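K.L.:
Single-letter residue listing:
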Amino acid sequence: MADVTLNNIVKTYNKGEVKAVNNVSFEINKGELFGLIGADGSGKTSIFRILTTLLLPDSGTASINGFDVIKDYKTIRKNIGYMPGKFSLYQDLSVQENLDFFATIFNTTVKENYDLIKDIYIQLEPFKTRKAGKLSGGMKQKLALCCALIHRPTVLLLDEPTTGVDVVSRKEFWEILKGLKQQGITILVSTPYMDEANLCERIALLQNGSIMSIDRPNNIVKQFPDTLFAMRANDMGRLQNVLRSNKLIKSCFSFGDFHHVTMDSGELTMDNLEKQLIESGFQNVIIKEITPTVEDCFIYLMGNAMEN
Amino acid sequence: MRTLKFLLQKEFKQIFRNKALLPLIFIAPVVQLLILPLASDYEIKNINISIVDHDHSVYSQQLVSKITASGYFQLADYSPSFQEAFNQIEKDKSDLILEIPQGFERNLVRENEEKLFVAMNAINGVKASLGGAYLTQIISTHNNDIRMKWSQQSKFKPSPKIEVTTSNWFNPLLNYQFFMVPGILVVLVTMIGAYMCALNIVKEKEVGTIEQINVTPIKKYQFVLGKLLPFWVIGLFIFSFGLFVVAHLVYGIVPVGNLFLLYGYLAIYLVAILGLGLLISTFSDTQQQAMSITFFFIMIFILMSGLFTSIDSMPEWAYIIAKCSPVTYFIEVVRMVILKGSGFADIKNHFLIMMGFATLLNGLAILNYRKTS
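Which chain is which? The protein sequence lines are A and B, in order.
Heads up: the first sequence runs through residues 0 to 307, numbered per numbering that gives the first Met the number 0.
Heads up: the second sequence runs through residues 0 to 372, numbered per numbering that gives the first Met the number 0.
Derived from the structure by calculation, the hints contain no laboratory data.
Among the hints, erroneous ones may be present.
[As the list claims (entries may be wrong)] Which residues of chain A face chain B? A few of them, derived with a C-beta cut under 8 Å, are:
| # | residue |
| --- | --- |
| 1 | Tyr-81 |
| 2 | Lys-85 |
| 3 | Tyr-89 |
| 4 | Glu-96 |
| 5 | Phe-100 |
| 6 | Thr-103 |
| 7 | Leu-276 |
All values derive from a computational prediction rather than experimental measurement.
From the three backbone atoms N, C-alpha and C, an ideal C-beta is built for every residue, glycine too.
Model the full structure from these sequences, guided by the hints.
P.N.:
Encoded structure:
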């Protein structure tokens, strides 16, 4: 059964000039960890605000636990936990006070649902008298998650929870999410980081308010149509220029130490290319076949969308 | 109710933790009440006078000494000609010229009549008219003294004259501070109420905490009450502190009227003024915007409230604007109850009007405040 459904949601700003969400439909199953992957300005936050009943869509319907986001907004507000992209707790209240406050306004107590937040709260405990505004970025996010969980929501909506958080804290945060998923909580999480996509069960790739693809990360990777090669040589800048000017090379993007390249494999092989590159004066040429990542797929789909 | 209790708890915690706001709540009333009433004094003293005496007689000397002994005038110079005295006015050394003609004493005794010439610098209208009035009064007293002396000597039947005796009610010593202090108390309560209420709500918007609050089962009225009640209490506190501590101890003002009546009116007034703050907060997204809009309204409200100038002497259009401001009514009520001891029957209309303001401002605010955009 689907816990969250969106049907043809459209949202525009500035009287229709800016199309933030363009005909988006998807479903999230109960207990699923679903990721919205997209660059800044791709419409992630607008979708979150519609689902949390803070924003009315121009057209289309959406529901959470079967409740309509417009008609039954009061019921939905009791059942969801929302963590906005911007830290939105009271910075002048302490960790303990924030937690108590959010527990009481949901008519519950910290004690009642302590088992749910225990693993996270243990890390916060040493700072429980510290003001929320004085916490580190990672700690702030953990506190915000605690506050969003304190009333035992059925659906958890996390808008870019790991943006601006260090690598270690990010990793911990995803571990926490996995734990929560095992408790049967449906989680919708958005992120601009492609490497986090693999940690979700299913992902939707979002670009300019439209969904380019929805599937499991490994299926999305399988949909990559070409064989992907990683290449490096002594002069990476010139290498990219040379590869891009070659008509048989379909695409070439720089990925850290390597360039990810697809080519017309009927005409060109790895060995041919290596020979050509050495003739052009490159040294230490390395070419190897690799499996594509979600990011490769994202860039490929983005290129397709632009051509259309 | 339980939710409201926790909202209030949170609100008070935040207010008492605000290092900039808290001193303001306590120090502002004391400082403003100590400085403003003492500084804004309309009584005109130290008018500089130039005297041109062409007579040099006993009577003219007596007149001059009476003028200088009155306490209102300071003898700037004693010139031989009007032209020289006028130079003093041009140099701003003197405000008034009194010219005593040659043969002043002789004519007064022989002809029973003599004319004096008074010229004044009317750039400061209040000073000129008051100075003129003081001077005329002194001259007429002097005149009476002379007449008394002559009528006794000649044993004529005393000429009939009207004597006016004044009796000052409600403020017998004409103490200007009695008039100002209650008005300034109103200004204080207004500022604290409107500013703090508007800024507090907008702060939640600006920091983003309203986003988190909106996704909770908190109802509109709970959130609004949670914001209004703390400032309502603080408003009552500041008023009481100003009235019973500063006004009483420093200025010796003891309310003549019924305190329950005064506090009843204050309670309604605070609801109205907090409604204004709430309304402003619904129009603004940042504290800067809220600050500017509040400043605009408070400025007009206070300057046109009759605190400094009587609204009855304003032009018709300004009078209408003044009557549209809740501050005007409260200043009237505070002065009536504290100084005059007015009862409920005297301020019944004021009560109705303030309830109207409270309903209107809060109604507009609630219409404009929407939880879902």
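K.L.:
Of all the hints numbered above, which does this structure not satisfy? Sort the numbers upward.
P.N.:
Hint 7 contradicted; others consistent.
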